[in-house]
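**Student:** Here is what each chain is made of, one letter per residue.
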Amino acid sequence: MSPAHARDEYRGDQDPDDRDPDDRRRRTGAGVTPRLTMDWQRADRAATLREHSARFGPLRANAARRGNRDLLDQIAAAGLTGRGGASFPTAKKMRAVAAGRGPAVVVANGMESEPASEKDQALLARAPHLVLDGISVAATAVGAAEAHLCLSRTRGWLVDSVLAAIAEREQAGADRIGVAVHELPHHYVSSEETALVHWLNGGEAKPTSTPPRPFERGVGKRPTLVDNVETLAHVALIARYGAAWFREAGTGGGAGTMLTTVAGAVSRPGVYEVEAGTSVGDVLELAGLRERSEAVLIGGYFGTWHDLEVIADLPFTAAGLRPAGGSPGAGVLFALPAGTCGLAEAARIMRYLASQGAQQCGPCIFGLPAIADDLAQLAAGRPEGDPLSRMQRRFGVISGRGACRHPDGAVRMAASAIRTFGADAHAHARRRPCLAAHRGRQQTALLPVPRPFAEGDWR
Amino acid sequence: MKLNLQIDPIACTGHGLCADLLPELIELDEWGYPIIGGAVPPDLAAHARRAVNACPALALRLVRTPDQLAARHALAASETRGG
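First to last, the sequence lines map onto chains A and B. My numbering applies: residue 36 is where the first sequence begins, and numbers increase by one. My numbering applies: residue 3 is where the second sequence begins, and numbers increase by one.
Source of the hints: derived by calculation from the structure; they are not laboratory data. We treat Cβ as the ideally placed atom computed from N, Cα and C, and that holds for glycine. Some hints could be false.
[As the list claims (entries may be wrong)] Below are the DSBU-like pairs computed for lysine-lysine, each with C-alpha atoms no more than 30 Å apart in a straight line:
#, chain 1, residue 1, chain 2, residue 2
1, B, 4, A, 256
2, B, 4, A, 127
3, A, 127, A, 256
[Claimed, not checked] Label-pair ranges, simulated between beta-carbon atoms:
#, chain 1, residue 1, chain 2, residue 2, range
4, B, 40, A, 359, 39 to 47 Å
5, A, 105, B, 65, 49 to 57 Å
6, B, 52, A, 211, 49 to 57 Å
7, A, 85, B, 63, 49 to 57 Å
8, A, 191, B, 40, 44 to 52 Å
9, A, 421, B, 13, 33 to 41 Å
10, B, 22, A, 325, 54 to 62 Å
11, B, 3, A, 348, 41 to 49 Å
12, A, 105, B, 3, 33 to 41 Å
13, A, 359, B, 39, 28 to 36 Å
14, B, 49, A, 458, 44 to 52 Å
15, A, 196, B, 3, 50 to 58 Å
16, A, 424, B, 6, 43 to 51 Å
Full structure from sequences and hints, please.
**Tutor:** Written as structure tokens, this is what we have:
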């Protein structure tokens with residue numbers, strides 16, 4: 036099948052009739068159910084409110100009025116988990132917010148600061164009304180009087196498109212409360228939920244010390260629900276069709292569908308909607324995995340590297356990947372092309388993550404650049420001293436000591452690279468780098484590493 | 003009821019006084035930032051209090067963790083980034 040949304044081709048998807056029969060067969064075989072991505076292949080623009088209503092039917096007229104308890108029960112029974120990276124049960128978080136004192140606040144997180152992920156941008160670009168419905172339903176469920184949608188300042192085209200969708204809804208009187216759209220500075224850590232809350236409260240888009248977590252005291256000191264935009268889109272469909280319908284999709288212990296971004300050694304990179312619980316190998320097959328890939332990065336830059344062989348049959352869910360020490364994160368799968376150096380890619384990612392901290396906590400300010408240096412020396416085959424043991428020691432002391440999980444995620448990625456590319460790592464440490472790294476074949480990055488923002492641009 | 007040391011990692015600037023005053027529970031990493039080891043046993047409570055008071059950045063806290071807060075902390079601990 037072709038991706039629901041082709042990588043780097045936001046305005047030019049393939050016509051569905053162009054798909055070859057093999058692709059169609061595979062699509063049926065994998066049991067892919069387009070839900071969020073329904074009809075994405077048909078138009079290269081955002082669905083209008085009219086098209087959206089025709090596609091999914093109206094939000095149940097009483098959904099906005101009926102008790103929030105029923106909505107929360109439905110979301111809980113659906114087994115929906117957060118699609119932003121933490122895979123936390125959505126209903127549990129909503130209940131914690133609803134139990135807080137006074138009117139709550141809903142914050143939709145559409146920052147998508149994970150460079151390897153494109154699914155949230157794709158969703159907002161094609162089906163903005165699903166996300167906006169979800170915000171409306173979530174506001175009812177937690178008793179919110181105010182709602183915000185946070186987007187990256189670097190994506191003006193997306194902001195314009197979402198604002199047009201909101202204007203349509205205002206004209207139609209679709210929502211009980213309005214949604215304020217905000218454009219935040221775009222750093223890796225700016226999408227962390229406390230960073231969003233801090234920015235909305237007038238501060239910098241940097242994570243803050245916890246507790247309090249946003250569900251206790253967030254925007255305007257109110258109990259605040261921060262949910263990823265894909266999570267909210269699923270909420271919109273659960274409110275329409277119920278928990279039993281949601282669970283009709285899902286295999287291998289997963290519930291519903293999920294958006295994934297697949298890239299690397301695949302012939303059709305892009306955004307795919309798959310049943311939750313689909314195996315890693317099957318997701319890669321959908322995108323046309325080229326056989327000669329041996330390793331995969333799962334989850335994103337906070338994710339983990341694995342031997343493809345070891346992980347191919349595991350479900351792409353939090354529970355499914357836990358035995359291998361992985362997590363679906365933001366739904367990213369990157370297959371490392373054969374003949375390229377995983378250590379070089381990991382070093383590049385690590386350098387990026389080290390530059391993307393909020394420069395607030397010592398272990399992150401000093402620890403991440405130190406590990407990035409170790410990894411770079413190793414990747415280049417020019418070790419000073421013993422970077423392998425230095426890294427092992429540093430991995431052990433940095434995690435859990437920042438205000439947010441940025442250092443933990445970066446360390447996890449680096450440690451998994453050393454585990455997965457262990458033989459390479461030892462060869463590189465003996466000044467025998469692999470050919471790919473040695474010849475500088477990876478001068479051009481395989482994985483996207485955005486140029487860092489100017490220092491100080493956090494507000 | 004448990005007595006625990008907590009560091010506000012944003013406030014901490016790595017003066018390192020805490021590790022001087024409470025080496026039993028605090029060591030410094032290679033960049034001079036404290037690493038805390040476990041709960042504070044009763045016989046070290048007075049020393050811990052002294053370390054807290056000595057922190058120039060007011061980054062060290064001594065907190066009691068009653069059992070009824072356990073559930074709340076479990077929720078907080080399981081939440082991470084949502085991006």
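**Student:** Indicate, hint by hint, whether the structure satisfies it.
**Tutor:** Do the hints match the structure? See the list:
no., hint, verdict
1, 4(B) with 256(A), "holds (28 Å)"
2, 4(B) with 127(A), "holds (27 Å)"
3, 127(A) with 256(A), "holds (20 Å)"
4, 40(B) with 359(A): 39 to 47 Å, "violated (29 Å)"
5, 105(A) with 65(B): 49 to 57 Å, "violated (39 Å)"
6, 52(B) with 211(A): 49 to 57 Å, "holds (55 Å)"
7, 85(A) with 63(B): 49 to 57 Å, "holds (56 Å)"
8, 191(A) with 40(B): 44 to 52 Å, "holds (50 Å)"
9, 421(A) with 13(B): 33 to 41 Å, "holds (34 Å)"
10, 22(B) with 325(A): 54 to 62 Å, "holds (58 Å)"
11, 3(B) with 348(A): 41 to 49 Å, "holds (47 Å)"
12, 105(A) with 3(B): 33 to 41 Å, "holds (39 Å)"
13, 359(A) with 39(B): 28 to 36 Å, "holds (30 Å)"
14, 49(B) with 458(A): 44 to 52 Å, "holds (48 Å)"
15, 196(A) with 3(B): 50 to 58 Å, "holds (54 Å)"
16, 424(A) with 6(B): 43 to 51 Å, "violated (31 Å)"
The structure fails hints 4, 5 and 16 (numbered hints given earlier, in ascending order).
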